[in-house]
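Please build the complete structure, drawing on both the sequences and the hints.
Line by line, the protein sequences give chains A and B. Numbered by this note's numbering, the letters in the first sequence go through residues 1 to 265 in order. Numbered by this note's numbering, the letters in the second sequence go through residues 1 to 172 in order.
These aren't lab readings, by the way, just hints derived from the structure by calculation. Incorrect hints may have been included.
[As the list claims (entries may be wrong)] EDC-like cross-link-like pairs, simulated, lysine to aspartate or glutamate; straight-line CA separation at most 16 Å:
id : chain 1 : residue 1 : chain 2 : residue 2
1  : A       : K251      : A       : D119
2  : A       : K227      : B       : D152
3  : A       : K126      : B       : E49
4  : A       : K95       : B       : D38
5  : B       : K159      : B       : E117
6  : A       : K64       : A       : D192
7  : A       : K93       : B       : E117
8  : A       : K230      : B       : D152
9  : A       : K229      : B       : D152
10 : A       : K125      : B       : E49
11 : A       : K258      : A       : E32
12 : A       : K229      : B       : D155
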Amino acid sequence: MRKFIVFILLIFTNVGFSQNLNINISLGWKNEIDYLSSDTTLVEIPYLKITYTNLSLIPIYFPKKTFNAYNLPYWSKSIGLDQKDKILKNALKEKNYSTNPYFVEMDQSFYENSWFVYDISLQHKKTMEVDPINEYLSNIYESLFYCMTIKSGNINTLDKNLFSPIRITKESILNDNKDYFLFLKQNESHTDYFNLYGFQSLGGEFYFSFRNNMFFKYVVISNFNLKTKKYEMHKVILPENINGYKLYSDKFLFNELKINFPVIK
Amino acid sequence: MMIFCQNAKKKWFPDAPMDKVNNFTVDHVSATTQANMDGANALAKTNPEATSVNNGPKILTGRSSVYFNKNSAFKDAKTLFFAMGHEFVHVSQIAFLGSINFLYSSFNNELFHNMMEFHAYSYEFDLERSLNSNFMNAGSYNTSQMMKTYPDIFDTFSKYYNYSWVKTVQFK
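Next up, the structure:
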């Protein structure tokens with residue numbers, strides 16, 4: 001499988017800004033049982049590794065820039081799951097026939113966003129058309145999420161919305177919402193893994209990176225207003241300090257990773 | 001093909017919700033949108049538009065683009081007529097979602113897509129019935145799961161006959 005990556009290019013960007021926090025994006029591989037196979041055949045699955053390193057002289061905390069569940073990129077709410085293991089087979093039949101490279105915007109505004117993929121030849125704008133490749137990836141990852149949940153024996157959690165923290169307080173950051181935040185001491189690192197099987201299956205050239213190079217003093221969450229019948233966005237200010245860890249709200253260093261997965265027809 | 005498409009729209013759907021449409025075309029279709037339509041045997045595809053506010057989550061703007069499949073939508077006039085009706089339902093659905101700031105991540109899942117398709121096909125069947133055409137096979141849908149998961153939106157989508165543009169639709 002590894003030979004299918006034709007080339008990987010690391011482009012370091014944003015050098016010269018504050019260097020108190022670095023996010024390194026790299027590629028790794030894991031041997032796993034083939035999702036579609038009934039036996040125990042092992043295949044190499046590509047994983048995106050996102051490593052946060054605290055380069056400051058003090059302990060810091062911050063909301064992660066992007067989230068995963070079972071090491072899968074969080075693509076959809078994954079609700080109303082119904083026979084997703086069967087659907088995975090169909091989802092994996094989809095191929096990316098575009099010859100244009102795609103940018104994979106991994107920025108997630110707290111938990112309520114998914115990755116957003118768009119044709120890199122289009123000028124990035126605040127408002128963009130949703131390319132159908134997002135639909136393909138959503139179907140694949142929603143199905144994989146279901147398979148992983150079954151495999152883990154947590155089938156009872158399927159009816160719950162896994163990404164629904166009710167409120168953000170010091171206590172909830174340390175408990176219910178702890179998976180969305182990182183606490184790092186000086187020179188400490190943390191790595192999250194993101195399964196790229198969906199991208200590999202579709203094929204194509206993808207640039208994985210972030211659009212926004214800032215951590216903010218707040219997170220934005222949405223609430224449904226029963227009076228106006230609309231979703232409303234609310235900024236929730238994060239605590240300045242939790243147990244000696246200072247909130248990091250500044251720019252960060254990061255890179256861009258280009259991966260070319262050939263389309264296998 | 002494009003001029004025929006525009007003229008047909010004016011005749012058949014004089015009050016179509018074009019104020020919510022960015023692109024309405026058969027000529028300028030991206031490779032993935034074309035592949036998506038061919039792969040799904042779709043006559044057309046409506047792609048929504050998304051934006052983010054204050055570094056917050058992406059939401060639907062309510063605007064969309066309609067693309068027709070040059071390989072299948074122009075088989076005959078009725079085929080194109082039904083395809084347009086189907087896609088204009090999606091345009092109106094997306095316009096509604098934009099009006100309530102619906103989250104892109106909530107929209108982007110299979111059950112929600114199926115719910116949109118179910119109602120668009122329901123309208124398409126109404127059109128087909130009115131012209132005594134053969135019903136196309138739209139597949140089966142788990143409507144009870146849709147109603148359970150999205151009760152309010154399911155109810156809103158099911159009233160597609162209330163869209164203002166529906167009243168003046170005519171195949172001529």
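Structure-based check of all given hints:
1. K251/A with D119/A: violated (26 Å)
2. K227/A with D152/B: Holds: K227/A and D152/B sit about 14 Å apart, inside 16 Å.
3. K126/A with E49/B: holds (10 Å)
4. K95/A with D38/B: Cα-Cα ~11 Å, so holds.
5. K159/B with E117/B: Since the Cα atoms of K159/B and E117/B sit roughly 14 Å apart, the hinted pair holds (cutoff 16 Å).
6. K64/A with D192/A: Roughly 10 Å separates the two Cα atoms, so the pair holds.
7. K93/A with E117/B: The hint is violated at about 21 Å.
8. K230/A with D152/B: Distance ~12 Å between K230/A and D152/B Cα, so the pair holds.
9. K229/A with D152/B: holds (10 Å)
10. K125/A with E49/B: holds (11 Å)
11. K258/A with E32/A: Violated, at roughly 23 Å.
12. K229/A with D155/B: holds (14 Å)
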